[in-house]
Amino acid sequence: MRMQLLHLYWNEFRKRRKKTSLITFAIAWGALSLLLLMSFGRGLSNAGSVSFKGLGSTIIMVSRGQTSKPYQGLPRARRINIHMEDLELLKRQIPGIALISPEANNSHSISYRNKESNRSINGVYPCFAEMRNQIPEAGGRFINDLDQENARRVAFIGWSVARELFGDTNPVGKEIRIEQTPFTVIGVMKKKQQSSTYQGPDMETVYIPFSTFCQIDFQRFLDRIHIRPADPKDALFMENQVRRVLGRKYRFADDDPNAVNFWNTIRDYETGAKIFKGIEIFLSIIGALTLLIGAVGVTNLMYAIVKERTREIGIKMALGARRRHIIMQFFLETLYIFSKGTLWGTLIAFNIVSLVNLVPVGYEDFGIKTYLLRPIFSFDILIVFLVVLCVLVFVSGIFPALRASRQNPIEALRYE
Amino acid sequence: MIEFRNISKVYKMGEVEFVALKGVFISVQKGDFISIMGPSGSGKSTLMNIIGCLDTPSEGSYYLDGENVSGLTFDQLSTIRNRKVGFVFQNFNLLPYASAYENIELPMLFNGKKNVERKARVNELLEMVGLTPWAKHRPTEMSGGQQQRVAIARALAMDPPIILADEPTGNLDSRSGHEIMEIFSQLWENGRTILMVTHDPAIAAFSKSTIRLLDGTVQANGTAH
Numbered sequence: 043m044r045m046q047l048l049h050l051y052w053n054e055f056r057k058r059r060k061k062t063s064l065i066t067f068a069i070a071w072g073a074l075s076l077l078l079l080m081s082f083g084r085g086l087s088n089a090g091s092v093s094f095k096g097l098g099s100t101i102i103m104v105s106r107g108q109t110s111k112p113y114q115g116l117p118r119a120r121r122i123n124i125h126m127e128d129l130e131l132l133k134r135q136i137p138g139i140a141l142i143s144p145e146a147n148n149s150h151s152i153s154y155r156n157k158e159s160n161r162s163i164n165g166v167y168p169c170f171a172e173m174r175n176q177i178p179e180a181g182g183r184f185i186n187d188l189d190q191e192n193a194r195r196v197a198f199i200g201w202s203v204a205r206e207l208f209g210d211t212n213p214v215g216k217e218i219r220i221e222q223t224p225f226t227v228i229g230v231m232k233k234k235q236q237s238s239t240y241q242g243p244d245m246e247t248v249y250i251p252f253s254t255f256c257q258i259d260f261q262r263f264l265d266r267i268h269i270r271p272a273d274p275k276d277a278l279f280m281e282n283q284v285r286r287v288l289g290r291k292y293r294f295a296d297d298d299p300n301a302v303n304f305w306n307t308i309r310d311y312e313t314g315a316k317i318f319k320g321i322e323i324f325l326s327i328i329g330a331l332t333l334l335i336g337a338v339g340v341t342n343l344m345y346a347i348v349k350e351r352t353r354e355i356g357i358k359m360a361l362g363a364r365r366r367h368i369i370m371q372f373f374l375e376t377l378y379i380f381s382k383g384t385l386w387g388t389l390i391a392f393n394i395v396s397l398v399n400l401v402p403v404g405y406e407d408f409g410i411k412t413y414l415l416r417p418i419f420s421f422d423i424l425i426v427f428l429v430v431l432c433v434l435v436f437v438s439g440i441f442p443a444l445r446a447s448r449q450n451p452i453e454a455l456r457y458e
Numbered sequence: 182m183i184e185f186r187n188i189s190k191v192y193k194m195g196e197v198e199f200v201a202l203k204g205v206f207i208s209v210q211k212g213d214f215i216s217i218m219g220p221s222g223s224g225k226s227t228l229m230n231i232i233g234c235l236d237t238p239s240e241g242s243y244y245l246d247g248e249n250v251s252g253l254t255f256d257q258l259s260t261i262r263n264r265k266v267g268f269v270f271q272n273f274n275l276l277p278y279a280s281a282y283e284n285i286e287l288p289m290l291f292n293g294k295k296n297v298e299r300k301a302r303v304n305e306l307l308e309m310v311g312l313t314p315w316a317k318h319r320p321t322e323m324s325g326g327q328q329q330r331v332a333i334a335r336a337l338a339m340d341p342p343i344i345l346a347d348e349p350t351g352n353l354d355s356r357s358g359h360e361i362m363e364i365f366s367q368l369w370e371n372g373r374t375i376l377m378v379t380h381d382p383a384i385a386a387f388s389k390s391t392i393r394l395l396d397g398t399v400q401a402n403g404t405a406h
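If you read the protein sequences in the order shown, they are chains A and B.
Each residue of the first sequence is one higher than the last, beginning at 43 in our numbering.
Each residue of the second sequence is one higher than the last, beginning at 182 in our numbering.
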């Protein structure tokens, strides 16, 4: 295509550009809607998955239960408790366990100087932190193997506990008392999003070595066993294995769902992720439909423009224009309208996303804010957007252009 | 150069058929200057459109430069219109949003001639029709006579052997009309073949022979002057 021809086409378009301003606005609006809905949808999805991982990702939590059906002559409604020795049993009998930790907890008073409060004290293994995504703030650490081995009196505290007892001072190295026993604070948990809990959020909890816990608060049963399978895909299989092994020991049916309780975050996470992805896709489709309305408007306008310029098309044909010269002219006009509209739409969308992200959202806000105020404008969203756009440009541009090129030259020349 | 063998053209308008041309035989030699005359509806325009490859005959065969044109595709016909034929219309048919220069340049753009070549040709043609100072002006800023001269320059852009003029003076006053006919005479003297539709015997007098049409058939074919 010659530059001079493009120049001529541009002049012919420019003289009538006013007619296209409304439709350019419609395209900008459509592009803006699509991009915003995709960005906010992604933000929602992301906040959902971050919060899910707050409790712990890819872990199965096993806790005591009650049989719901008779088994081998034993009645139903028997309480099934889990014990420390079950940990070894499970490790021995089920291959593919990557991490396993007991958890025992109780509410105790904790104090620092003259401040006192009642908090959940949890005895756990060092690998607990990894399973529950608990990361120490700089300068601190979680419980380690030596702490566990020697039953050291050390504590890892949630950030909410730290603020309550210590205010702005750094708690690491300070001595707190749990009941009357002194403990050294070895770390403070870094802030994290958490959407589900069983005994209050991690930020309000104090963690000490499991061995130490047994010394200050002897309990016959475990509250929970945390298991992480080596392969997250084995989540359901692992759950059934645990039920089977414990069932043999405590004598309950393999298919008794309530004998021991499972909280399978892998399965929850997958379900949750699917729901959020579904919402994201749904929002994107609504956005795409908005842009589609704009595209239909462009097609409509292009048909009108083709009709209005019938005579010019006839003149060009008489002078030797081929079909592609005519098609190109009208297709380029469609492309121009779309480009201008989407450029504006994209700029505005990008700015809105950036501005909304400036709104402060605290980690304590587990509410609506984290879901709605953290839109994400990512590269793959842009790619999806461009693909949708290309399809729409092609579909809405090609038909008016083809009609223009298929006119009969004589009738076109006679058109008034 | 142009040969019609038993050409017929039938237009269908719904149920009604309208016969525009009926078994026309004509033969035009290189260097002829022919006026086509006849009352309205006698098929003059249809004849011109078929010669100019803007329309195709319903029956019969049309040979242009020895090549059978019937059955060519749209793009092939476009190439013929571009290279072999120059059109001059009664209502000028200039592009309203293009300058005189750009209007003259247009046929060369569809053909992909080189930049330098195009520039030289447009300037040469502007000079020939005496409109060099008007190169940058739009059609709406020019008189009818000037517009028709731009149209003639445009028809000549690709240096076609045949000029087809459909009532070229129909929208002009007699003085401008006369000027236009002077240009046509000059073109004929330089060896071009010219076919011209006209009502006006004074204009027809510039041509060397006449084809008379009536109800789609050729009534007389020869040198009437």
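Please note that a few of the clues may not be correct.
Said to hold, decoys possible - Pairwise CB distance ranges (calculated): (1) A:48 to B:187: 25 to 33 Å; (2) A:48 to B:252: 45 to 53 Å; (3) A:457 to B:297: 53 to 61 Å; (4) B:204 to A:49: 41 to 49 Å; (5) A:57 to B:354: 25 to 33 Å; (6) A:335 to B:194: 49 to 57 Å; (7) B:194 to A:45: 23 to 31 Å.
I should point out that these hints are in silico values taken from the structure, not numbers from a laboratory.
The beta-carbon is built from N, C-alpha and C at its ideal position, and this holds for glycine as well.
Hint numbers contradicted by this structure = Hints 1, 2, 3, 6, 7 are the ones this structure does not satisfy, whereas the remaining hints hold.
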